[in-house]
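Student: Generate the whole structure from the sequences, applying the supplied hints.
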Amino acid sequence: MTKGSSRTVLITGVSKGLGRALAVELAKRGHTVIGCARTQEKLLSLQSEFPSSDNHLFLNVDVKSNSSVEELARVVVEKKGVLIL
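FYI, the numbering for the sequence shown is 375 to 459, going by my numbering.
Worth flagging that the hints you see were computed from the coordinates, not collected in a lab. Ideal Cβ positions, reconstructed from N, Cα and C, are used throughout, including at glycine. Heads up, some of the hints might be wrong.
As the list claims (entries may be wrong) - Here are the computed lysine-lysine pairs in the DSSO-like style, where the Cα-Cα straight-line distance is at most 30 Å:
1. K416 to K402
2. K390 to K454
3. K438 to K416
4. K438 to K453
5. K390 to K453
6. K402 to K453
7. K390 to K438
8. K416 to K390
9. K453 to K416
10. K402 to K390
11. K416 to K454
12. K454 to K402
13. K454 to K438
Stated by the list, open to error - Just the calculated beta-carbon pair ranges, DEER-fashion:
14. N429 to T386: 17 to 27 Å
15. S439 to G404: 29 to 39 Å
16. K402 to S441: 30 to 40 Å
17. N440 to S379: 16 to 26 Å
18. T413 to S441: 11 to 21 Å
19. S441 to S379: 33 to 43 Å
20. Q414 to K454: 15 to 25 Å
21. G387 to E444: 10 to 20 Å
22. V443 to K416: 24 to 34 Å
Tutor: Written out as structure tokens, the structure is:
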């Protein structure tokens, strides 16, 4: 990503490890983060680390479940206006 171009990124497994580190770094660089993970408590903890959490979206999703992924897509389009996932 070039400097100065803000993007919206979708990160699965955002509540810990590499996903969490990536989300924090991309948010620091001015990008909008849409993150999903299975553990709601960890998502809430992560969300508190974001200074402008209104710009970001964190959802409880199990990527092994088709219905859960379909709900993720619906919510992202509804709340963020992102048309391509």
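Student: Can you list which hints this structure breaks, lowest number first?
Tutor: 17, 22
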